[in-house]
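**Q** Letter by letter, the chains look like this.
There are 2 protein chains.
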Amino acid sequence: MQTTLDCIPCLVRQSLDATRFVTEDNDVQQQIMKEVLGVASKMDFQQSPPAFAQLIHRRLREIIGDSDPYRKVKETFNRLALDLLPDIRHRITASAHPFELALKVAIAGNVIDFGVNANITVDGVRNAISAIIDSPIQGDIAQFQAAVGKAERILYLADNAGEIVFDRLLIEQLPLKSVTVAVRGNPILNDATIEDAECAGIDQLVKVIGNGSDAPGTILSDCSNEFLKHFREADLIISKGQGNFETLSRRPENIFFMMKVKCQVIASHTGCPLGTHLLLKSENHR
Amino acid sequence: MQTTLDCIPCLVRQSLDATRFVTEDNDVQQQIMKEVLGVASKMDFQQSPPAFAQLIHRRLREIIGDSDPYRKVKETFNRLALDLLPDIRHRITASAHPFELALKVAIAGNVIDFGVNANITVDGVRNAISAIIDSPIQGDIAQFQAAVGKAERILYLADNAGEIVFDRLLIEQLPLKSVTVAVRGNPILNDATIEDAECAGIDQLVKVIGNGSDAPGTILSDCSNEFLKHFREADLIISKGQGNFETLSRRPENIFFMMKVKCQVIASHTGCPLGTHLLLKSENHR
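As given, the protein sequences belong to chains H and L, one line each in that order.
For the first sequence, the numbering used here begins at 2 and goes up steadily by one.
For the second sequence, the numbering used here begins at 2 and goes up steadily by one.
Simulated from the structure, these hints should not be mistaken for lab results.
Please read all numbers here as calculations on a predicted model, not as lab measurements.
Among the clues, some could well be false.
Intra- or inter-copy, both count: the list cannot distinguish identical chains.
[Claimed, not checked] Lysine to any residue pairs mimicking SDA-like chemistry, simulated, CA-CA at most 20 angstroms apart:
(1) K73 - L85
(2) K73 - D135
(3) K263 - G213
(4) K43 - L56
(5) K151 - E63
(6) K43 - I220
(7) K35 - Q3
(8) K35 - R90
(9) K43 - D28
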């Protein structure tokens with residue numbers, strides 16, 4: 002997806018949220034916001050929103066001198082999700098439709114996104130996870146399950162810390178030998194990196210790789226050769242979150258996108274109202 | 002009021018609304034938004050939000066080659082207000098508290114603000130005016146009425162077209178010989194200029210002057226000497242709308258601000274929730 006005009010005020014607001022999240026110093030906040038606006042004024046609208054966020058967050062980390070300002074919230078939400086894990090796994094095991102329930106929980110976990118909303122609470126996540134159990138999602142679950150059944154090489158693109166713990170439940174439903182999980186190559190927002198995959202214990206189940214990039218999405222030109230090899234060779238790609246959707250929605254690969262719809266631009270693009278828990282097959286798959 | 006960090010995403014969003022309002026050409030919209038962001042990146046946070054809007058709208062008018070892109074909506078809302086006028090005047094005349102009712106209608110008219118919301122409808126205005134008649138406003142009406150009773154030179158700072166027709170009803174309750182009404186010196190957004198004051202028939206009642214400025218507020222350093230003379234000599238200033246409040250809130254003159262609270266920054270600043278119809282005496286009056 003290109004950046005739309007509607008993305009601009011939202012990206013500026015997200016940058017302000019991020020600025021306030023990483024520093025309480027008003028002078029530094031003003032300095033960062035002026036730089037944000039300067040970067041935005043030179044933005045290439047052909048690029049996706051995550052390309053903008055990548056630039057902003059690089060500069061933001063540089064100014065505050067902290068290579069991973071979201072480390073603490075990543076740990077908090079990993080821990081929360083790990084606390085909830087045994088109970089949810091029990092429900093999944095006891096369910097008549099374990100695959101479907103695991104999928105729903107993995108999508109609901111996408112609520113833990115500090116890019117869109119820097120005010121996520123532990124209770125908010127708890128409620129989102131418990132609400133999804135009896136709620137429908139939008140999308141063709143049978144089609145996805147059939148695709149999994151046929152796949153020989155599955156690449157699972159994780160999105161956020163905390164969420165990745167819930168991803169584990171879906172990964173446990175996949176043919177483990179076929180699965181590689183990719184996380185961000187370097188810290189960006191609260192997006193999951195190798196440490197978070199390890200914290201979720203996913204490295205004990207399947208191969209985990211970093212994608213070599215610090216964008217909050219999958220900008221292929223910014224990814225490592227190792228990641229690109231996996232991307233090319235996968236016959237099924239599972240893509241979590243809006244950032245991955247924004248950067249991969251036009252790709253010709255066999256991608257199933259899973260996300261919570263969190264902004265009006267994505268809502269219009271997908272035809273699904275805000276808040277939808279969405280499973281969406283790539284339109285451009287050859 | 003200074004510009005706050007929270008004003009930035011809002012000013013960018015308002016600029017996008019304005020851009021879309023004045024042109025449907027996506028390339029021009031992108032060009033304008035890039036310029037908006039460039040101007041914003043160099044913004045002096047000591048200045049008020051209307052100083053930013055003034056710069057943006059000057060450039061916007063220049064790019065589209067139209068010195069008054071809001072002319073049509075100004076006419077539309079003047080006409081709507083004139084249509085409603087006889088009925089409301091009748092209600093005021095028949096009321097036990099005509100001064101209070103005229104004041105309430107003048108404040109409710111402040112809803113016609115294309116700066117904050119470019120999607121104002123004729124029905125929205127009709128509803129706002131009819132709702133105010135039985136609703137309370139926030140503020141000390143008796144204190145204001147007493148100030149009017151004592152005043153020898155009243156300067157009435159109008160805000161928007163359409164709204165200025167409702168202002169007429171309040172002006173009719175004032176000692177007409179003491180009143181001067183000031184409007185913007187040049188077109189900016191849907192703010193009232195001399196033409197709108199004439200359309201409302203206010204020039205038939207009292208002296209009307211332009212303030213010499215094209216800011217959507219009252220930036221004294223940008224106003225004409227004629228306006229400044231009236232401003233200095235007034236012993237009571239009636240100030241309509243957020244833009245005038247944002248630019249005059251710290252002044253030592255005897256000012257009564259009247260506005261609908263339309264943004265979170267003003268809500269926090271005044272301690273009044275969004276949507277409040279507010280009458281507020283200047284804190285810094287000596």
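**Q** With reference to the structure, classify each hint as holding or not holding.
**A** Results of checking the hints against the structure:
1. K73 - L85: within (19 angstroms within a copy, 58 angstroms between copies)
2. K73 - D135: neither (31 angstroms within a copy, 52 angstroms between copies)
3. K263 - G213: The answer is neither: 26 angstroms in one copy and 45 angstroms across copies each exceed 20 angstroms.
4. K43 - L56: both (12 angstroms within a copy, 19 angstroms between copies)
5. K151 - E63: Neither, since 45 angstroms and 60 angstroms both go past 20 angstroms.
6. K43 - I220: within (19 angstroms within a copy, 30 angstroms between copies)
7. K35 - Q3: between (23 angstroms within a copy, 16 angstroms between copies)
8. K35 - R90: neither (46 angstroms within a copy, 49 angstroms between copies)
9. K43 - D28: between (23 angstroms within a copy, 14 angstroms between copies)
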